[in-house]
Amino acid sequence: MYRKVVFAVCVLLVLAVSAPILAQDEVVVRFRSWSPVIATTEAMIAAFNEANPDITIEPDITNYPEYLVDLQTMAAGGALPDLIGLEPGALTQQYRDHLMPLQDCAVSTWGEDWEDQFFPVGIEQARLGNPEGDDNIYGLPVLVQTINMWYTVPIFEEAGVEPPTTYDELKELADLFNAQGIAPVMIGAGDGWIRRDVYMQLIHNVAPGLIYEAEDGMASFTDEPFVEAMTWWKRLFDDGIFQMGALGMTHYPAAVEQIQAGRAAMFPMGAWWQQQAGNPDPPPLDENLQGYAPFKFPDVTGMGAPEDLLGGIDVMMGVTRGSANPDAACKVITDWISGAGAQALINTYNDLPAYIGLRPESFGSENQEAVWDLFTEDWLASVKYARQLKSPDVKQALEDALAAVAAGEMTPAEGMQLVQDANM
Amino acid sequence: MSRNWLIENQGLFFMAPAMILFAVFVLYPIFYIFNASLYDWDGINEAIYVGIQNYIDMFTDDRPFGLAIRNSIYWTFLTIFPQMFLGFILASILTSGIPFQNVFRIIFFMPAIISPVVLGIVWQRIYAPFGGLLADLAFETGAHFLRQEYLSSSRLAIFSTIFVNVWQWTGFSMLMYVAGLQGLPGEVLSAAQVDGANAWQRIRHVVWPMLRHVHLTLILLGVIGTLQTFALVYMLTNGGPSSASEMLPTYIFRKAFPLQSMGYASALAVVLLVIALSASIFQVRVLGSRFTIGD
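Here the protein sequences come in this chain order: A and B. Sequential numbering of the first sequence, starting at 1, is according to the numbering used here. Sequential numbering of the second sequence, starting at 1001, is according to the numbering used here.
Hints are computed from structural coordinates only; laboratory data are not their basis. Warning: the hint list may mix true and false statements.
Said to hold, decoys possible - Okay, the calculated bits of chain B under chain A, using three or more residues with CB under 8 Å as the criterion: (1) 1037-1050; (2) 1151-1157; (3) 1233-1242; (4) 1257-1265.
As the list claims (entries may be wrong) - A few chain A positions that, by computed beta-carbon distances, are all more than 10 Å from chain B: (5) A43; (6) D168; (7) P280.
Said to hold, decoys possible - Across the chosen pairs, the derived CB separations fall in these ranges: (8) B:F1059 with A:E58: 44 to 50 Å; (9) A:V37 with B:F1159: 54 to 60 Å; (10) B:E1046 with A:Y212: 25 to 31 Å; (11) B:W1167 with A:S391: 38 to 44 Å.
Beta carbons: idealized from backbone N, C-alpha and C, even for Gly.
All chains should be modelled from the sequences, with the hints used to inform the complete structure.
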């Protein structure tokens, strides 16, 4: 009996000592993000693992609001994963101290001229909000986008109309579609980000580039063009351009459900709307993107709509300073940007690739291919200004002001004063 | 340490586990939150000491905070008393021996056991003025008043949310009153009847006062529920539009996580704690502590 006990203890000791050694051979990269969705992420992991079977990727994908909570909790507990999804500007800047500069990773993968291999807007925005003199890249862009408008093709065809190019045309269409019980412009304005997206397009029409000057203190948010854009925002509600109850609705999923059901003539979204075609069991309008087409935000000022678009990075990825396997994390990111993982990602039409030259291996319809080409060959190259703002405080104040003005609780001037106060 | 000291103070050892748990899970978090409330801190990077500035900002320059306090008062009075009133009426009907009364009790109680998240999603689709149930009903029947901006109007949003809460919890009040009514001594009611009291007088002067412990319990639970309100508001309006339906817990969450102002959110949490303590002391001192156990 005594011998058996001694033998068992020895076996346990050997196992206890050897377990960490065995574990050391396995390289694990923990990845947490809100994007891409889990099914796409798994496809990217599978593609990556074909060439890199020695690296295990542990993904955890949650919705964006929950992701922010997770990230903050993990940062406070010193338990950030190796690889995290980021947005340019405010979010990246908040976590900058926890992120590794990634230029060396990029140079080792793509060479010294690596920046030229990306759409310029992706590289510019990767540094958005960096302190003066800090040229580090804390996150590498994976997907980029434009923000624009879309229309539902069968609704327009049935009505025999074309997408609006001016405010008057937009108003005429709104009256037409309202009478038919169709939402002229479907928006879930309960979500701050879509309110901001629309305002950014309005101010871009009124005074291109001015909002970035105001962020840098070279203009005031209370200046006339900002108030004018805010007044246009309010008119979109008052003139029945947006559907009734827009302010109490989320863009995802509530507004999207109505769009997919064919109850919306137009809607603000971005290049990422193409991903509807990649969803399993898509509704008829989504299938091969046959029901939708993009168009530019109408000219509300009458002075002519700008030729360029707003846009930038959809999702970028950063490696945390506490990562146990930064080299493996670099390998994963770069593969997901330009390698087999990237191809798997792009095949789902999730959004536009940040890396130039990638293209889905197949399209389901001519319309889908035409839309892809329009974005990548025409619109993306003309993206001049960022969709995002640098300061989280200004961003939040603008979203709050837009809600308050739309609800009639503030005048446009009061709303912009709120934004200016946040920029002090 | 002498044996006598140990014997004399043995009570301390029995209390120790509870004291330790209380210190770790109640006192320490309170201290931590109070300490955090004195900093400008995003919960991620280094905190900057600002003293009581967060509290000054809260009481002088914070519109959502004022709205959250206002909405908490609305919520307290517009949920607790209507729920009690409706619950009592339902309980009175469902203890009077009508057919299928047990089935009705289950139906009325069912919303109380459904997750507020699910209810939020369902009611959002009922309220939606475009494509919602009430809007479609208005379109089909011509009853256009049904199509309102229930959740998107800053005037209506908080009341629309309160309505859902009353709808959800009236069944719970009903169940409490059913239990209370079934526990009433029959001889007292019979004596009142013999003395010539009509049905209204019996309810007003006999039944209602004898259910005092149920009333107090529902008020206590209602106040606790008000201070904890989160999921329903988060799902239905997320505190909007423009903070019009903000409650303290939703505002604390919004500040702490999406807005990443953990220091300020901690100050809000301290204020919520003070309100909760004050409400508890008020209830015990003014209403007494004779809840479900009765007099």
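Flag every earlier hint the structure violates by its number, smallest first. 9
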